[in-house]
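> Start from chain A and add chain B according to the hints.
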Amino acid sequence: MSGRNGAPALALDDLRVAYTVRGIDRPVLRGVTLEIAPGESYGLVGESGCGKSTAAFAIMHYLARNGKVTGGSIRLAGRELVAMSDAEVRALRSREMSMVYQNPGAALNPSIRIGTQVAEVYRLLGSPAEEARERSEEILRRVQISDPARVLRRYPHQLSGGMQQRVVIAMALASDPTLLILDEPTTGLDATVEAEVLELVAELRSDLGTSVLFISHNLAVIARMCERVGVLYAGRLVEEGRTRTLFEDPRHPYTVGLLRCIPRGGLRKDAKRLDTIPGLLPQLGAELPGCVFTDRCGLARTICREQEPAFHGLGDGHSSRCHFHDEAQSLPREAPTTAGMRRPKGAPVLRVEHMGKTFRQEGHQVRALSDVSVEIRPGETLGLVGESGSGKTTLARLLLGLTAPDEGSVAELDGRSLPPTITQRSGDDVRALQIVFQDPDCALNRRHSVRRILGRALTKLLDVSGEERASRLRELAASVRFDGRLLGARPVQLSGGLKQRVAIARAFAGEPRLVVCDEPTSALDVSVQAAILNLLVDLQGNQGVSYLFISHDLGVVRYLADRIAVLYLGRLMELGDADTVFEAPHHPYTEALLSSVPTLEGEQRPRIRLQGEIPSAADPPSGCVFHTRCPRKVGEICEREEPPLLEVEPGHMMRCHIPLEELRRLQATPPSPSRPEGA
Amino acid sequence: MSRPEEQVILAEHPVPEAPPEERDEARLARRERLRLLARSKTFLAGVFLFGVFVFCAIFGPAVVPYDPFGAPTDLLDKLQPPSTEHLFGTDQLGRDVFSRVVVGARDILAVSVAATLLGVVLGAALGLVTGYFRGVIDEVLMRIVDAFLAVPLVILATVALVALGPSKGTLIVVIGIVFAPIIARTVRAAVLSERELEYVEAARLRNERAPYIMFAEILPNVTAPIVVEFTVRLGYAIFAIATLTFLGFGVQPPSPDWGLQIKENYVILNGGYWWPTLFPALAIALLVVSINLIADGLTRVVEA
Numbered sequence: 001m002s003g004r005n006g007a008p009a010l011a012l013d014d015l016r017v018a019y020t021v022r023g024i025d026r027p028v029l030r031g032v033t034l035e036i037a038p039g040e041s042y043g044l045v046g047e048s049g050c051g052k053s054t055a056a057f058a059i060m061h062y063l064a065r066n067g068k069v070t071g072g073s074i075r076l077a078g079r080e081l082v083a084m085s086d087a088e089v090r091a092l093r094s095r096e097m098s099m100v101y102q103n104p105g106a107a108l109n110p111s112i113r114i115g116t117q118v119a120e121v122y123r124l125l126g127s128p129a130e131e132a133r134e135r136s137e138e139i140l141r142r143v144q145i146s147d148p149a150r151v152l153r154r155y156p157h158q159l160s161g162g163m164q165q166r167v168v169i170a171m172a173l174a175s176d177p178t179l180l181i182l183d184e185p186t187t188g189l190d191a192t193v194e195a196e197v198l199e200l201v202a203e204l205r206s207d208l209g210t211s212v213l214f215i216s217h218n219l220a221v222i223a224r225m226c227e228r229v230g231v232l233y234a235g236r237l238v239e240e241g242r243t244r245t246l247f248e249d250p251r252h253p254y255t256v257g258l259l260r261c262i263p264r265g266g267l268r269k270d271a272k273r274l275d276t277i278p279g280l281l282p283q284l285g286a287e288l289p290g291c292v293f294t295d296r297c298g299l300a301r302t303i304c305r306e307q308e309p310a311f312h313g314l315g316d317g318h319s320s321r322c323h324f325h326d327e328a329q330s331l332p333r334e335a336p337t338t339a340g341m342r343r344p345k346g347a348p349v350l351r352v353e354h355m356g357k358t359f360r361q362e363g364h365q366v367r368a369l370s371d372v373s374v375e376i377r378p379g380e381t382l383g384l385v386g387e388s389g390s391g392k393t394t395l396a397r398l399l400l401g402l403t404a405p406d407e408g409s410v411a412e413l414d415g416r417s418l419p420p421t422i423t424q425r426s427g428d429d430v431r432a433l434q435i436v437f438q439d440p441d442c443a444l445n446r447r448h449s450v451r452r453i454l455g456r457a458l459t460k461l462l463d464v465s466g467e468e469r470a471s472r473l474r475e476l477a478a479s480v481r482f483d484g485r486l487l488g489a490r491p492v493q494l495s496g497g498l499k500q501r502v503a504i505a506r507a508f509a510g511e512p513r514l515v516v517c518d519e520p521t522s523a524l525d526v527s528v529q530a531a532i533l534n535l536l537v538d539l540q541g542n543q544g545v546s547y548l549f550i551s552h553d554l555g556v557v558r559y560l561a562d563r564i565a566v567l568y569l570g571r572l573m574e575l576g577d578a579d580t581v582f583e584a585p586h587h588p589y590t591e592a593l594l595s596s597v598p599t600l601e602g603e604q605r606p607r608i609r610l611q612g613e614i615p616s617a618a619d620p621p622s623g624c625v626f627h628t629r630c631p632r633k634v635g636e637i638c639e640r641e642e643p644p645l646l647e648v649e650p651g652h653m654m655r656c657h658i659p660l661e662e663l664r665r666l667q668a669t670p671p672s673p674s675r676p677e678g679a
Numbered sequence: 001m002s003r004p005e006e007q008v009i010l011a012e013h014p015v016p017e018a019p020p021e022e023r024d025e026a027r028l029a030r031r032e033r034l035r036l037l038a039r040s041k042t043f044l045a046g047v048f049l050f051g052v053f054v055f056c057a058i059f060g061p062a063v064v065p066y067d068p069f070g071a072p073t074d075l076l077d078k079l080q081p082p083s084t085e086h087l088f089g090t091d092q093l094g095r096d097v098f099s100r101v102v103v104g105a106r107d108i109l110a111v112s113v114a115a116t117l118l119g120v121v122l123g124a125a126l127g128l129v130t131g132y133f134r135g136v137i138d139e140v141l142m143r144i145v146d147a148f149l150a151v152p153l154v155i156l157a158t159v160a161l162v163a164l165g166p167s168k169g170t171l172i173v174v175i176g177i178v179f180a181p182i183i184a185r186t187v188r189a190a191v192l193s194e195r196e197l198e199y200v201e202a203a204r205l206r207n208e209r210a211p212y213i214m215f216a217e218i219l220p221n222v223t224a225p226i227v228v229e230f231t232v233r234l235g236y237a238i239f240a241i242a243t244l245t246f247l248g249f250g251v252q253p254p255s256p257d258w259g260l261q262i263k264e265n266y267v268i269l270n271g272g273y274w275w276p277t278l279f280p281a282l283a284i285a286l287l288v289v290s291i292n293l294i295a296d297g298l299t300r301v302v303e304a
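These protein sequence lines map, in sequence, to chains A and B. Following our numbering from start to finish, the first sequence increments by one per residue and tops out at 679. Following our numbering from start to finish, the second sequence increments by one per residue and tops out at 304.
If you're looking for bench data, these hints aren't it; they were derived computationally from the structure. Among the clues, some could well be false.
Mimicking EDC-like on lysine to aspartate or glutamate, the simulated pairs with C-alpha atoms at most 20 Å apart in a straight line are [to be verified]:
{"no.": "1", "chain 1": "A", "residue 1": "K68", "chain 2": "A", "residue 2": "D13"}
{"no.": "2", "chain 1": "A", "residue 1": "K460", "chain 2": "B", "residue 2": "E201"}
{"no.": "3", "chain 1": "A", "residue 1": "K460", "chain 2": "A", "residue 2": "D428"}
{"no.": "4", "chain 1": "A", "residue 1": "K68", "chain 2": "A", "residue 2": "E287"}
{"no.": "5", "chain 1": "A", "residue 1": "K345", "chain 2": "A", "residue 2": "E308"}
{"no.": "6", "chain 1": "A", "residue 1": "K460", "chain 2": "A", "residue 2": "D483"}
{"no.": "7", "chain 1": "A", "residue 1": "K460", "chain 2": "B", "residue 2": "E198"}
{"no.": "8", "chain 1": "A", "residue 1": "K460", "chain 2": "A", "residue 2": "D429"}
{"no.": "9", "chain 1": "A", "residue 1": "K460", "chain 2": "B", "residue 2": "E208"}
Excised from the complex, chain A in its bound form (with noise of 0.2 Å):
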């Protein structure tokens, strides 16, 4: 199974990749070269356009048709694959290596049940019927589902996205392979899935002994889960070490400038203005004679540009591709923030209570938000949290008019009465309440250039034209600095963060009071996150607009919230200052998100994992929602009495059975494991 005669499981030498694109050979691995011992576990990080997935499709032979080896090679167990033909590939795919993607409700056929897909593999390996089955059934109880024949008979569409992902998982590991390739395995999934998804892969791992190459551009993700990383740019391999040692001591400038974007270590929008990178990614195939990373690079020279530096060896493994690796830590930093933060004060901007939302589903009541009481001031940000399915898109909808909200809700906007839907509310009303969505690809109309989009937004909001409007226009891209030579350009012209720029610029367009933002950044790369959060915090500064900050990332999140308000199955669970509601004592749903959450620090805080998913909002649990999978279940209280909202501490509200005093003493020891419970 490991590599015979002691050769890697996976050896890269030189690799080099490129692209055909409109007739010309586009270089996009750049010679790459690197080794994964047998049962090791190697990260593959940066950002998106790098190469990281390219790498796998070569080491698969899946590469679009348009793509080739055009050097190198690739040695899987000591056996070269570049030269093999599509049939050995093929052999070798189905016993010696496998993948598994990002979108698991892809991989799987949606039309063939979940048994006859896993069987197919055993199969393929030559099992008789029978036999494929019962280790079908196998299979799926080592990636610990604990209903495994019931799911065989299941279509994918019937599975979560976190089982769909198990399943996959166990047909990637079905042949015992000598090596894996997970491909931004939970990217897609709640922090509280990916954590036990996460968990599981480790724990197979260290049974099965397989080798592992672990691309993601999430560095938390990889620090938790590889012994070594390599950090790819540009289809080069600008720095590789033992995780702890790289994330602690970087010695490349890219390394440096990615781990300095992310928040992180409870750092807050008034204490520092986030690192970026600046710049972008050299075009694909572009000639890069010097250092690959010159043109974004803080302490570039004019040897930079002109010699490509050689891969440094630092001792312990650790490698830079820099000339200067001695000093990438000294890379200049990001100017501290001048726009002074202004302390939310005054009466709220919006104000609801009640708000209550039910869907009507093939004839049952599917309340996807219940009884929610939140107030939002000038200037404030309020952070919404709390798994896909817990009302937080429902909320904001809400709020924004999109949806009407059932009989009872109240909602005011400075203390006036808000009509419910955006068609009875007044001009006005429209103008102050706007919304940055998740992906800017679908929230711009792609056929519309940049000018006609923000334009359009003047003047039906501001009622402007002619010169005014051209001049407010030109202020507008400026105060989301936008390139106003860009104007003229379409959406599919422009980068992942130009085009969330213009969404913010749209939604700023009206002068609103308050900006729905909906996971504004969880489609775009660290560096240029950083770069929109800072200018989200530097528009609060100048406009005293106020925020309804939807994420999933609780570092974004925290960096960003004044308050924070956590939701789960539709209710509101806790709602108090950031840091209340991030230092325990918090609510039982909080403390086990927060604690699912990967950290670049490795493991520190107790580990409580979340058994199974989110209810479904048709039927939710009796009594306190939680209770199916509340670590600190108290016992029949909770199943039986939905516990009240109420004001624990001043400015600190919680929906749980247990006192804070108790939750205090619970939380400052770590928990008791969680027992199991049938998803």
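For chain B alone, coordinates are given in the frame of chain A:
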């Protein structure tokens, strides 16, 4: 587990924040699409064939060797087999079949293009309205469409033509109206997925009215399926027109319409006079094939 296709790679590639003159990615993408078209042999063959017919339609009367409507003396030459003098032979009235086939391209092209355009305009509007509003409007309109689609096209058209009297104008209106529901379905499907995108909500959040959202926001994003639908329907329109004229409901004699020529001459096929029927029939087939080749090429590039 699908393999990433070429387009994915193109889209994934980030465009640098450089001055606009260096960043003409959209134009390049459009040119790339044209290049793909230009490389597609089927598409080129279709365009060439179709071009020949368009040339005939425009310049036909000026270039044909004989008067397609015949001269009194022609009767002496009736039913001559194909020869160097009469490439496609002559018909029962001694008219040159080649000249009639060439000139006949004009009517059928004009009528089919006009009818398909009418169908696309009506269908796109119907598809946008039903797809955007959904709910009751959608239900009612789509049930009517279903009912419409259940009746065979030729019967529907025959009834209308009998009621309104046969003429080119009636033919255009009838075929346009019969096609509209079919096109509406395709457009509606595209609109349904498009309206879920967040730019539509962004438009609602600046108080846009429904017509603006439908026609200025959504319509530009569903042009690709509309163009494909147009070419596909054009082929069917030619077929429908030929059928209807063959049945006697379309263009009236002495027009050199292809369907009409077949109608006038197929009775004498048994006598061994195959040429006055075969050549107009071949013309219809070739024209439909050329349009289908174009539609094929377009579909592949649009869907790639």
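> The structure should be examined with respect to each hint, and the outcome stated for every one.
Hint check:
Between K68 (chain A) and D13 (chain A) the alpha-carbon distance is near 16 Å, which keeps this suggested pair within the 20 Å criterion. For the hint linking K460 (chain A) to E201 (chain B), the alpha-carbon distance of about 14 Å falls within 20 Å, and the restraint holds. Using a Cα cut-off of 20 Å, the hinted pair K460 (chain A) and D428 (chain A) holds, with the two alpha carbons roughly 11 Å apart. A distance of roughly 18 Å separates the Cα atoms of K68 (chain A) and E287 (chain A); the hinted pair therefore holds under the 20 Å criterion.
The suggested pairing of K345 (chain A) with E308 (chain A) is violated, with an alpha-carbon distance near 54 Å, which exceeds 20 Å. A distance of roughly 23 Å separates the Cα atoms of K460 (chain A) and D483 (chain A); the hinted pair therefore is violated under the 20 Å criterion. For a cut-off of 20 Å, the pair hint linking K460 (chain A) to E198 (chain B) stands: about 18 Å separates their Cα positions. Of the pairs offered as hints, the one joining K460 (chain A) and D429 (chain A) holds, with about 13 Å between alpha carbons and a cut-off of 20 Å not exceeded.
Simply put, K460 (chain A) and E208 (chain B) have alpha-carbon atoms about 8 Å apart, close enough for the 20 Å limit, and the pair holds.
The structure shown violates the earlier hints numbered 5 and 6.
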